[in-house]
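Could you build the full structure based on these sequences and the hints that come with them?
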Amino acid sequence: MTESYNPIFTKFAEDDLIEILDFYDDKNPSYIPKLVKKIEDRLEELSFFPMKGRVVPELEKKSITDYRELIEGYYRIIYHIRNKDVYVLSIIDGRRNIEELLITKLMRK
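Per this note's numbering, the sequence shown starts with residue 1, numbered consecutively.
Take the hints with a grain of salt, since some may be wrong.
[As the list claims (entries may be wrong)] Heads up, simulated BS3-like pairs for lysine-lysine below, C-alpha to C-alpha not over 30 Å straight-line:
hint : residue 1 : residue 2
1    : Lys38     : Lys52
2    : Lys34     : Lys61
3    : Lys84     : Lys34
4    : Lys11     : Lys37
5    : Lys62     : Lys52
6    : Lys52     : Lys37
7    : Lys27     : Lys38
8    : Lys11     : Lys61
9    : Lys11     : Lys84
10   : Lys34     : Lys11
11   : Lys11     : Lys62
12   : Lys34     : Lys52
13   : Lys27     : Lys37
14   : Lys84     : Lys62
15   : Lys84     : Lys52
[As the list claims (entries may be wrong)] Taking CB as the label site, the calculated pair distances span:
hint : residue 1 : residue 2 : range
16   : Asn83     : Tyr31     : 29 to 37 Å
17   : Lys61     : Arg95     : 14 to 22 Å
18   : Val36     : Asn97     : 22 to 30 Å
19   : Gly94     : Ser63     : 34 to 42 Å
20   : Leu101    : Tyr24     : 18 to 26 Å
21   : Ile8      : Gly73     : 33 to 41 Å
22   : Asp15     : Ile71     : 19 to 27 Å
23   : Asn28     : Arg82     : 31 to 39 Å
24   : Asp25     : Arg95     : 18 to 26 Å
25   : Asp66     : Glu3      : 13 to 21 Å
These are computed hints drawn from the structure, not numbers from a lab.
Built from N, CA and C at the ideal position, the CB exists for glycine as well.
Here you go:
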């Protein structure tokens, strides 16, 4: 039987998700349930396969390898594994230049 992990959605990730949903509420509200379902499905994957995501490349260049990410459409779901918990730290639009944004966000956790 596969061990399960506990995905924990941090306040920062919640804030990111609210910002994303607010954007779609203005542009394409019918897409919101689909996007939420996709993100929920990704979190479910993390429950059983937390190592599935890659190390965040922008952080890896700085020798920071404790953070991983899953890609969902335009979004990068950034997380950190600690014991049996998977902390979802941020959901970032991958079209942005995010190197400094990531470092700032992850240092505030």
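Checked hints:
no.	hint	result
1	Lys38 x Lys52	holds, 16 Å
2	Lys34 x Lys61	violated, 33 Å
3	Lys84 x Lys34	holds, 28 Å
4	Lys11 x Lys37	holds, 19 Å
5	Lys62 x Lys52	holds, 21 Å
6	Lys52 x Lys37	holds, 19 Å
7	Lys27 x Lys38	holds, 18 Å
8	Lys11 x Lys61	holds, 26 Å
9	Lys11 x Lys84	holds, 19 Å
10	Lys34 x Lys11	holds, 22 Å
11	Lys11 x Lys62	holds, 25 Å
12	Lys34 x Lys52	holds, 22 Å
13	Lys27 x Lys37	holds, 18 Å
14	Lys84 x Lys62	holds, 26 Å
15	Lys84 x Lys52	holds, 15 Å
16	Asn83 x Tyr31: 29 to 37 Å	holds, 35 Å
17	Lys61 x Arg95: 14 to 22 Å	holds, 19 Å
18	Val36 x Asn97: 22 to 30 Å	holds, 26 Å
19	Gly94 x Ser63: 34 to 42 Å	violated, 22 Å
20	Leu101 x Tyr24: 18 to 26 Å	holds, 20 Å
21	Ile8 x Gly73: 33 to 41 Å	violated, 22 Å
22	Asp15 x Ile71: 19 to 27 Å	holds, 20 Å
23	Asn28 x Arg82: 31 to 39 Å	holds, 36 Å
24	Asp25 x Arg95: 18 to 26 Å	holds, 19 Å
25	Asp66 x Glu3: 13 to 21 Å	holds, 20 Å
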